[in-house]
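*Asks:* Fit chain A to the known structure of chain D by using the hints.
Number of protein chains: 2
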Amino acid sequence: MFDSRSSVDPAPPATLLHTVAIDLGERSYPILIGHGLLDDPQTWGGLPRASTAVVVSNEIVAPLYAARLRAALAPHYARVLEVVLPDGEATKDWATLNRIFDALLAHGCDRKTVLLALGGGVVGDMTGFAAACYMRGVPFVQVPTTLLAQVDSSVGGKTAINHPLGKNMIGAFYQPVRVVCDLAALATLPEREYCAGLAEVIKYGPIHDTVFLDWIEAHIEALRSREPAIVAHAVRRSCEIKAAVVGQDERESGLRAILNFGHTFGHAIEAGLGYGQWLHGEAVGCGMVMAAVLSQRLGLVSPAYVERLTRLVAAAGLPTRAPVLAPDNAARYLSLMRVDKKAEAGEIRFVVVDERGQAYLRAVPDAVVAEVIEACAAGGGDTDAGTLRV
Amino acid sequence: MFDSRSSVDPAPPATLLHTVAIDLGERSYPILIGHGLLDDPQTWGGLPRASTAVVVSNEIVAPLYAARLRAALAPHYARVLEVVLPDGEATKDWATLNRIFDALLAHGCDRKTVLLALGGGVVGDMTGFAAACYMRGVPFVQVPTTLLAQVDSSVGGKTAINHPLGKNMIGAFYQPVRVVCDLAALATLPEREYCAGLAEVIKYGPIHDTVFLDWIEAHIEALRSREPAIVAHAVRRSCEIKAAVVGQDERESGLRAILNFGHTFGHAIEAGLGYGQWLHGEAVGCGMVMAAVLSQRLGLVSPAYVERLTRLVAAAGLPTRAPVLAPDNAARYLSLMRVDKKAEAGEIRFVVVDERGQAYLRAVPDAVVAEVIEACAAGGGDTDAGTLRV
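Each protein sequence line maps, in turn, to chains D and A. So the mapping is simple: my numbering equals the position in the first sequence, first residue as 1, plus 317. So the mapping is simple: my numbering equals the position in the second sequence, first residue as 1, plus 317.
The set of hints was computed from the structure by calculation and includes no laboratory data. Be a bit skeptical, because a hint or two may be false.
So the derived label-pair ranges between C-beta atoms look like this [claimed, not checked]:
1. D:396 - A:342: 31 to 41 Å
2. A:376 - D:333: 53 to 63 Å
3. D:344 - A:358: 34 to 44 Å
4. A:412 - D:405: 17 to 27 Å
From the derived model, a few chain A residues whose C-beta atoms are all more than 10 Å from chain D [stated by the list, open to error]:
5. 352
6. 536
7. 628
Please read all numbers here as calculations on a predicted model, not as lab measurements. Glycine included, every Cβ here is placed at the ideal spot set by N, Cα and C.
Just chain D, with the same shape it has in the complex (with noise of 0.2 Å):
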C-alpha cells in the first residue's frame, strides 16, 4: 500500500541548543535558544492554562511565521487567535496598542489569555506593555524574530509605548513567562535590521566582558555571514550576561543602566531624525561610539580603545557618525537627552565604559557633552568611515 507521508519531507527535528534561566524569585522564566523552536508543539508546552492563545505580531513577520507558530500552539489551546499590526518604531504608539486591546475585547479574550509576541523589538515592547495593562495583567511570551530581540529587548521585561515627548516613556516593567529564540527565523532578516541587531551584541562586550568583545572582533566577519555555530554562541552570551545583570536589579534601580550604554546618545538620534529613520541598533551603534569618545574625555579610556570599538562597529555594517540635528545640533541633542528616563532634576546621566569591562553612570556637564556632539557629527571630520547604509 502506497502511504502518501513517505513523499512528504518531514519538518528537520527542533533542536534546543541552549536554555538561559533568568532568576528573578517567582518571576523566573526560561530563555530557549535553538533551530526550528517555532514549529515545534513541544516548545509550547508547559505555559499557564487557557482557552485562548493571541499571536500578536506584524505585517512583515505574520506571513512568514505566523501560521506555523499557531499551527504549533493549536494542541495546546481550543483557539489561537492572531492580531496583525502595522511594522516599525514610528507605529510602537497608544493607537497602535490600542488595536490589540480592541482585538482581545472584541473576541471576549479573559484575563487567563495568553499572548505571544511574534516579532522584533517593536512588537515584542507593545506586546508586552498590552499583556501588563490588559485586564491588569494577563501572561505572554515573547517570541523574537530579529537579532535584536533575541539578545536585547526580549529578555528582561522592559515593555514600553513612545511617546511624542521620548521614547519608551510610557511603560511597565512586566516579564514573560518565557523567551524562545528560534536562530532559523534570522535566515529571513533584511540584511539592515540584522546589522542593527548586531550592536546589542557589540554592546555587552565594553561593559561586562572584554573576553566576548575580544571574541566579537574576531568573528565580526562571521557573525555578519551569520554562520549559525557563531550567531547561536552570540545569542547565548548575550542572552547570559543580560540575564546576570537583569537578575541583579530588575527594575533599573542601580546596575541595570548600564544596558543603556550608548542609548542616551542613540534615543537623542531616533527622536532627533523622527522615530524610524535610523534604526534603534544603527542609533544605538553611533551612539555606542559617541559614549566611547565620552568615556576617554573622562579619561576613563585611551584614542585606542575608541578607534577600536569604532572599527568593529562600523565593520558590523553600523553608521559611526553622529547625524546633525537641526536647529542647533549639541543644543538639540541635549535638550532631547534631558528627558531620557536615567536624567534626575534635569541632570543627565551617561553610561561610561573603562577598558576592563566596567560600566558607569556618570553625570556629565553639559559643555562636555556639546564637545563629543560636534566631535562626532557627520561631515565633521573623516567621513568615509561607517556612512549610513540606506
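*Replies:* Just chain A, lined up with the frame of chain D:
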C-alpha cells in the same frame, strides 16, 4: 506691639485617628485616617525623596483642596506642580490619562517624581495608572476626598482606565506608597456622591462581617448625616477589611474577587446606561440587591435577608431597582457581563453571599441570571422602593 497673627484663627491641629497597615511585603504601606491631615506638612514627611511632586486632581476638587495640599507639600519638595483633569467617569480614558503624561514630560519630570492623586475614584484610578506607566513606574500617594475612594478604591493598588467595550479593562496592580484619608474633606462632598460611597461601606458587611452589617444598619441615619465619629469608624472598619482581603490576594487570583460583590451587575448597569449616568456606587448599590436576589435563587440566603439588604441600600439613598437596558434587557446585561474581568472562557462568575458573612464566586446559568435581572427590573413590580434620585 500689635501681633497681626493674633487676629488670625490658627488652623485646627490635625488629628490622626487611625493607621491601618496594608501588609504586602516590600510593597506594604499605611492608610492614615484623621481630620485635617491634608493641611498638615507632617502628614507628608517620609515619602520617597524627589525634587518634584505633582498633585493630580480634577476641576471640582482642585479649587477646594489643591492649593492647601500644595502648601503642605512645599516644605518637602523643591517643586510642587498641579495637573487638573476634567471630572467624571466618562473621562476615565486614554485621552485624559495622556494629559497627565503630557504634563509630566513637558515639565521634565523624572522617574523619582512623586504623584499625588487628590480626588475620588476616577482621579485615583487614573493617577495610579499614570504612576504605574510613567517611565515604567514612579511612586504615588492616594489622597482620597470622596467616601467611596476612602473606603475602597484608593486602597489595594487597583488602577485602570475604561475601554469602550468595558470598564477598567486597561490597568495595572500598582500599590501607592501611602493613603491619606482626610475625613474633613468629606464635608464638601455632594449628597449624591456621599451616598454612592455608602454602597461600598455596606458591601463589607455581607461579604465578610455580619457584626459590621448590623452596625451599619443601626447607624445608617448617623452615617447619612455624616456624624464624625460614626463616619470615622465606617472608614476605619472598611479599610481594615479591605486590607485583610488584599493582604491575602494582591492580584485577585481568588479571594479578592469577593470585594466585587454587586459589581458584576453594577458594571453592566454603568456600561449599559453609558458611563457617568449612574454613579459607580449607585450601580453597585443596585447590583448588591441583584446579587442578593441571585444568592437567594441559589438557596444561600432567605427572602428576609434580601428584603433587609434592599431596605438598607434604599436607606443609604441608593437605587434598588435595575434599569431596563435596551434593546432586550436581560440579553443586554448578559452580553455586557460576559466581558467582566471575572469571566473566564465566556462564563460569567458572580460574587454571592450567605447569611453568615461568607462570599463565594459562582458561575451561574444564563437562564437563572436572566430571571434575576427581570425580577429586579425597574417597573417590574414594587416601584416605590429605592427609585433613583436624579
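*Asks:* A separate judgement is required for each hint: does it hold in the structure or not?
*Replies:* Right, here's what the structure says about each hint:
For residue 396 of chain D and residue 342 of chain A, the Cβ-Cβ distance of about 36 Å falls inside the hinted range of 31 to 41 Å, so the restraint holds. Distance hint for residue 376 of chain A and residue 333 of chain D: a CB-CB separation of about 58 Å, consistent with the stated range 53 to 63 Å. For the pair residue 344 of chain D and residue 358 of chain A, the beta carbons lie near 38 Å from each other, so the given range of 34 to 44 Å is met. Separation of residue 412 of chain A from residue 405 of chain D is about 24 Å and conforms to the stated range, judged on CB atoms against 17 to 27 Å.
Residue-level check passed: residue 352 of chain A sits 33 Å from the nearest beta carbon of chain D, beyond 10 Å. Even its closest Cβ contact with chain D, about 34 Å, leaves residue 536 of chain A beyond 10 Å, as expected for a residue assigned away from the interface. Non-interface status of residue 628 of chain A relative to chain D is upheld: no Cβ of that chain comes within 10 Å, the nearest being about 35 Å off.
Of the numbered hints listed earlier, not one is contradicted by the structure.
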